[in-house]
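Engineer: Here are the chains, one letter per residue:
6 protein chains.
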Amino acid sequence: MSSGQGVRRRPIAQLQAGERVEDQVYRLAAKDLRTTSNGSLYIHAVIADATGQMTARLWQASQELYDSIPEGGLLHFRGRVENYKGSRQFIIDAVRQVEPGSYDPADFLPATSQDVDTLWEEVKELLRGIRHRELLNLVGKFVNDPQFVADFKRAPAAVQLHHAYVGGLVEHTRNLLRLARVVCPLYPQISPDLVLAGIFLHDVGKVRELRYQTNFEYTNEGQLIGHIVQCVLWVHDKCRQIEQESGQPFPAEVEMALKHIILSHHGKYEFGSPRLPATGEAIMVHYLDNLDAKLAMVREAIAADTDPASDWTGYLKALESRVFKPNVISGRRPGPQTD
Amino acid sequence: MSSGQGVRRRPIAQLQAGERVEDQVYRLAAKDLRTTSNGSLYIHAVIADATGQMTARLWQASQELYDSIPEGGLLHFRGRVENYKGSRQFIIDAVRQVEPGSYDPADFLPATSQDVDTLWEEVKELLRGIRHRELLNLVGKFVNDPQFVADFKRAPAAVQLHHAYVGGLVEHTRNLLRLARVVCPLYPQISPDLVLAGIFLHDVGKVRELRYQTNFEYTNEGQLIGHIVQCVLWVHDKCRQIEQESGQPFPAEVEMALKHIILSHHGKYEFGSPRLPATGEAIMVHYLDNLDAKLAMVREAIAADTDPASDWTGYLKALESRVFKPNVISGRRPGPQTD
Amino acid sequence: MSSGQGVRRRPIAQLQAGERVEDQVYRLAAKDLRTTSNGSLYIHAVIADATGQMTARLWQASQELYDSIPEGGLLHFRGRVENYKGSRQFIIDAVRQVEPGSYDPADFLPATSQDVDTLWEEVKELLRGIRHRELLNLVGKFVNDPQFVADFKRAPAAVQLHHAYVGGLVEHTRNLLRLARVVCPLYPQISPDLVLAGIFLHDVGKVRELRYQTNFEYTNEGQLIGHIVQCVLWVHDKCRQIEQESGQPFPAEVEMALKHIILSHHGKYEFGSPRLPATGEAIMVHYLDNLDAKLAMVREAIAADTDPASDWTGYLKALESRVFKPNVISGRRPGPQTD
Amino acid sequence: MSSGQGVRRRPIAQLQAGERVEDQVYRLAAKDLRTTSNGSLYIHAVIADATGQMTARLWQASQELYDSIPEGGLLHFRGRVENYKGSRQFIIDAVRQVEPGSYDPADFLPATSQDVDTLWEEVKELLRGIRHRELLNLVGKFVNDPQFVADFKRAPAAVQLHHAYVGGLVEHTRNLLRLARVVCPLYPQISPDLVLAGIFLHDVGKVRELRYQTNFEYTNEGQLIGHIVQCVLWVHDKCRQIEQESGQPFPAEVEMALKHIILSHHGKYEFGSPRLPATGEAIMVHYLDNLDAKLAMVREAIAADTDPASDWTGYLKALESRVFKPNVISGRRPGPQTD
Amino acid sequence: MSSGQGVRRRPIAQLQAGERVEDQVYRLAAKDLRTTSNGSLYIHAVIADATGQMTARLWQASQELYDSIPEGGLLHFRGRVENYKGSRQFIIDAVRQVEPGSYDPADFLPATSQDVDTLWEEVKELLRGIRHRELLNLVGKFVNDPQFVADFKRAPAAVQLHHAYVGGLVEHTRNLLRLARVVCPLYPQISPDLVLAGIFLHDVGKVRELRYQTNFEYTNEGQLIGHIVQCVLWVHDKCRQIEQESGQPFPAEVEMALKHIILSHHGKYEFGSPRLPATGEAIMVHYLDNLDAKLAMVREAIAADTDPASDWTGYLKALESRVFKPNVISGRRPGPQTD
Amino acid sequence: MSSGQGVRRRPIAQLQAGERVEDQVYRLAAKDLRTTSNGSLYIHAVIADATGQMTARLWQASQELYDSIPEGGLLHFRGRVENYKGSRQFIIDAVRQVEPGSYDPADFLPATSQDVDTLWEEVKELLRGIRHRELLNLVGKFVNDPQFVADFKRAPAAVQLHHAYVGGLVEHTRNLLRLARVVCPLYPQISPDLVLAGIFLHDVGKVRELRYQTNFEYTNEGQLIGHIVQCVLWVHDKCRQIEQESGQPFPAEVEMALKHIILSHHGKYEFGSPRLPATGEAIMVHYLDNLDAKLAMVREAIAADTDPASDWTGYLKALESRVFKPNVISGRRPGPQTD
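Protein chains in written order, with our numbering: chain A, 4 to 342; chain B, 4 to 342; chain C, 4 to 342; chain D, 4 to 342; chain E, 4 to 342; chain F, 4 to 342.
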């Protein structure tokens, strides 16, 4: 066990300009070897943990030192926090390797600001609103699977588009279930049971499609099969399992309608849905999913924006637009942010 | 005043097989001259009023009689209701012309099944939730304009896609405001005031884009300018009017953000939006609008479907799909319907 | 048992102008009530069986007679074959109902001109070329399932695009396996085992996607799930079954690569593939499938063409073109054909 | 007033290799800190004024000096012009800050090579060809507004596609009016009055859509509303103003047809036009606008090209092509150009 | 020679209501057998010649008579012109066959209202503006080829989109040359010689792509090769011919630039251009061609419109819009027209 | 003749770590001036010949030395091969210029690993299968033209998509002819003669479209006309030549069908085909061409891949996907490769 474990943890989001840091572990998110005006070398870096990231500099560097630092890996840092052009900047005095196994790299990945246990409890609470016995049974096959729950609570909702952080999937799912709870009563012809089950299950394939232990990336199966079909296969297996356990056939049309929601929830062929929504429930899941995802993109783009001089974020491909940052009602404009 | 006025009105939706009809005014929605197996001519027609439509036949017809009946016009009908292959069918014994001016053709157009006054009251009630003074003032310029209110309560939401009936616009608007009321609290970063005002105003241009007195069609201005830009012009004029009355400038950024919601609410250039949503509020209005419109298409397609032998409606271009009709949870399948 | 059974069967393709037909069962593929120049009614119809179709007329008809004949149903026909403007035409003297159950409507659907048992034997022979033990085992789960084999030998390859006839799927599959046998040796980096198994399994979902007993149409599941995902689910189930029987895990990467071939074989998102080909084997299956399907469309369009005056067939949407009929090498032009 | 003002102005386009420059103000269009082969630092820069731009180098630089020079700002330069590989290059001996307010940054933006006053006079002269009284009146509301005229004469026609320089809008407008004058007589069914007014007004929104004082960029309103709708709103306001002044309604169909020209002049939804051209006049404005814009892109791409070794410019996204530079009739190829 | 030849020709455009027609040859553009209210049959037809078309009726018809009249063929007509609901209608008393060879069916095809010889003279006059010797020589190879000239003067510019009438190609070409003459001087960097030659030659392939003797249709080569490549091949052959005759190479870059204009003049790949315009001359030919073609569509759509009750023509696919008919400047609306 | 010629040639693919290289000529494919950790400069380079490429470093460099080395040019290299992180790396001790004319730069371009003479012999052998006399004659006009054969054997099949190396065109053509030989017998309705001739000729335009002496790039004619039309023109000229020599017309429909294959072989307008395949032969050439090209892309992407840690290559635009590298049947994964 590394001695670093005994040190009080200073999350990056809480570091103050002027503060000294004696021994903290962060992730080296990026590194770059540069030359100063007098010809000496320095490393320009980005350090990160679950709470955020910060620019860092290590003066008097060498090519050898630079090569010895693993990009993406964890390191012990000693140094101080300066104020540079209005932003915090970490001046690295020394780094040393982290003893293998002493830290979980996943703790240094971006993570939801919300408590995942609370999110998960709310998800379960909202799912209890399902009255259809078999659908509730099916949902239970996932909710009561400890491995699934552990994965589901860690998985991001995407690699980079929205909710792309540890816990993002459970947060996104909770949001959608909340939406469904208030929207379904306005459309009596829609079955809330199918919508609730569809929302919970529509993205569970991401638990398998993505790897999210030390970084976010697609698994081979994620790329060759895709989370939509992985999800349908998973639901399929659970239905068969229920049939075996109960000795009763799972209602075929219910299973079919649920799979249809999953298969069509991207809403367009070019987004990887092999079917287009053909039921009210599929349409509702598709639009609620989009609403929450797009609003998350807006919120995240504004939060990540680093140019206080502009009223606009950079271009977001998924929106085919930049995002306008000011709140015109309150007159509030996003304040200065560190780069 | 036509003598027909004294007769008790028998809405088409209430006519029973076996019932005799002595003198009722309906709209002749369609007509066709056909030949029977013995060579005589008969007219195959569709009669309609605000409550629905029914197949009708007039035996022993002639080309002259056929030519004398105006398609789309109103007529007095005498006849009886038969049962034909499980559906109601009207056997016309006689028709006679309606005295000009004695009936309002609009009363025989398809109309919302809900009470427009009640819908309008709810719209007004929901709009009272706007707290921003100038936005509330702007909305008031429409709400307190009797001519606008009269038109708004009559206008359909579209010529044929969804809510394509008298009162459809106020019904669709009410639905969206209801959605906003329950959805906005889930997204604190979104301004509910802009969303409510944006929803109310995003389609008011349809009052001018469409003609909906005796049938539904686009006005010239509707086709050359489009309801989106008409709507922005209307909001623009009202803002100027407020400025003149108050002597104060209307907050420029609020006006701009509101116009942006209107301009971008179709969400795609190819659907006639000259801008794409670039604020959270614009994104929310766009998706809520789509959600309600698409669910209305599903509901209307199932309601209009006339083939009980199929589990599917016909193809809907806007959904790029047919709609699956059965309710798989209840096991209920849409029952037999008249053609 | 109907007396018609004792009558020698006269396939439509073999009927000669001048021939009398005393009692033959055909399918009434289409019907239309028309008026002659002297005002009397006649029925213009199309009669069909597995070998082809022919225009037919029934003089001295009535509306009642017309109504009593079920479009798409089977009837006993009496009449004669005439020559009309260079084409054969059936003059109906009398029709009578077919005793329910005495004939299989499927026998009167369009069917492959080849022998399905021979096709199936060749398919099995070609599949024996698979050397990978588990893949061979998996293929065997289908080949040795009598219900599957019966369905597979009957299913069309599509509802209307290509090989849209009874036995079309086995014929198309045989063609693809033949192609693979000669093409694979030219590309040593490609696994012939994956290609052969992928070809055999890529379309088996059509057995479930389509109904093809009395006519060709999609099942509900076919429309909501689609044959591509149905196919993957089926393969998935068989892999699980093999695992249960053998107690050994099915090689995960082989299963994944096979599913990928199936999921991507349409080659484009807008054709319903949720994945695009990302392996050499998937690319090969995609192009061989297209090659055989498109050449079948050309052959079928020329065969079905009824206008000898033109060198071109009608427009084929799938080719975005009409097809040029003449064989420019032989100088042969498609001869006169009956309408 | 800076002493620099007394120095004779040496436009960049006129600088000769070998010339010494004692004190000239240029815009620092770009800067880059680089290392020489002996390890010392130098700045690689681009200097610019309204007449063109040139590569520049400052030897013996430091990070501090580099940081102190504002990219995009104005500076006094001392140095000399060298010949480097056949191109001119500015060797900077010294730079010093410009006294705030002593120079107008706009004078150093790229500008039309033509005289804007002459262009504007020709625009006014061509607009006098409008015979329709109200259209002429409407045009006059803009032509006689000094603030509008000042802006219109400065505005570029675009941020970067074509005529992207100070005065570009008036130059492009003049070109279009000239085109209309010669083309309209060939199409008698087209109203030249609508075409002339439509051309003049179709892009006036750019005066508000763009900022073009010290650099070219979109205003917030430009991005949220777009110049097309801004333009329609402006025309709308002027029509209302005319009505107020005259007490007469502005002819509604003329206003509508004019707005339609503006709304549809991009010709495609995906280029931001919410309507497609539906009148002969709108079609004519659309094609003439494209003709002049595309020919300007060709001319500007060839002028900006810096590779005399190639017969082709770089790829132009708007043309989906590179441009072939040689004049094949004269045999003339674009000569060597400075980078 | 048929006796009909001695009769004074009465063009359809000049027939007056009330006029008797003793013996006139027209084309039977369409025919339909219908039943009157008393059960007797009549033929509803459309008769046509180069000047226009008119509805016609033949009472007391029979199936045999109906069958004996060739649709699309020429007939002698006897009858009278009536006024029916405000439109002219031809009442046919008798028809008789036209002696084969006595009339040229082409004389009864739609034709330009202009004099083709005059158009052709103007084309030649405009082409004399080419100063480049070889280009002039190349153009002369076509202009001086009597067979080409005869075909060029007859060919339509398209089968149905625009200028789809005999002489349409020469009319469209004349228009484009006129445009080039006035537009080229505004763009000095463009070679007028290439533009003039490019315009003349860009569509000559249509002479071979289309058949236009008795109706308008594509030739086999037109469909398999396309007029764009046919045109390039033709120019290619003429260049080779010039080289053989002169013993001098044709300037390769001029030939290449000219072929490029032809290949790219449709401006988009999906319209069949294998190259996109990459020179100023190609861009100019592309936009002028579109301008004239689209304005012709507008003019022809308004002229062909038969619904005086609407301000809009039907939908035009090439414009993706309907056309607004009124002239808002003059206030003139298209008058009532015969159907 | 340079003394280097006497040195035994060491192809890059055969260089071993630890080996000394005294005097070898390679192409300097790329160069980059970098700074070491102690501030001195070094050159990071890539050296290449026909067999492959390797990273190289030259320590103690200067800007002057760097500037004196021509990127893309040939140099004599002295140095040694090291092992660096598992990959070979060339340490350059000295370079000197190559005497002009002493080496052919083309020998250092990427080249097919197969023997072009053998490929060409096989092409000729396969073409002898053509039985149609005129087609064989036409093919002979190319096969017997020494200049054509020399070019054809050198040309790459593309600039970068697939078979982008010297000899790539003959290799790709050989592959297609092999495919045709085995596939044609499965489709008796297809003319193998047209397919064989079409395959051989479909890409011969690339001989003229591309320049491939010292690097791969498009000729001006290649860019303005395109290899598809160049190819048609070439075939056209050869047909005319045959006609002149034989005094017989070349069969027009055969020529037309062959040109159609060439024009349509890209299969889509947006890929530059001005026609879409409308004959069975054109469809076959299109799909076989795609099959071989796409499989080559897969093979080349895997071969060029430099990241052994990933199971995926980089993204391939033409496949719209990355490629999965492992052979799942053999379990073999692509081994470590030099960067």
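The reader is advised that the hints may include incorrect statements.
Since the list gives no way to pick one copy over another, a pair counts as held whenever it fits inside one copy or between any two copies.
As the list claims (entries may be wrong) - Only pairs whose alpha carbons sit at most 35 angstroms apart, straight line, appear in this in silico DSBU-like list of lysine-lysine:
| id | residue 1 | residue 2 |
| --- | --- | --- |
| 1 | Lys-241 | Lys-328 |
| 2 | Lys-127 | Lys-144 |
| 3 | Lys-328 | Lys-144 |
| 4 | Lys-127 | Lys-34 |
| 5 | Lys-144 | Lys-156 |
| 6 | Lys-241 | Lys-34 |
| 7 | Lys-144 | Lys-34 |
| 8 | Lys-34 | Lys-271 |
| 9 | Lys-328 | Lys-156 |
These are computed hints drawn from the structure, not numbers from a lab.
Engineer: State the violated hints by number, sorted upward, taking the hints as numbered earlier in the document.
Structural biologist: 4, 6, 7 and 8
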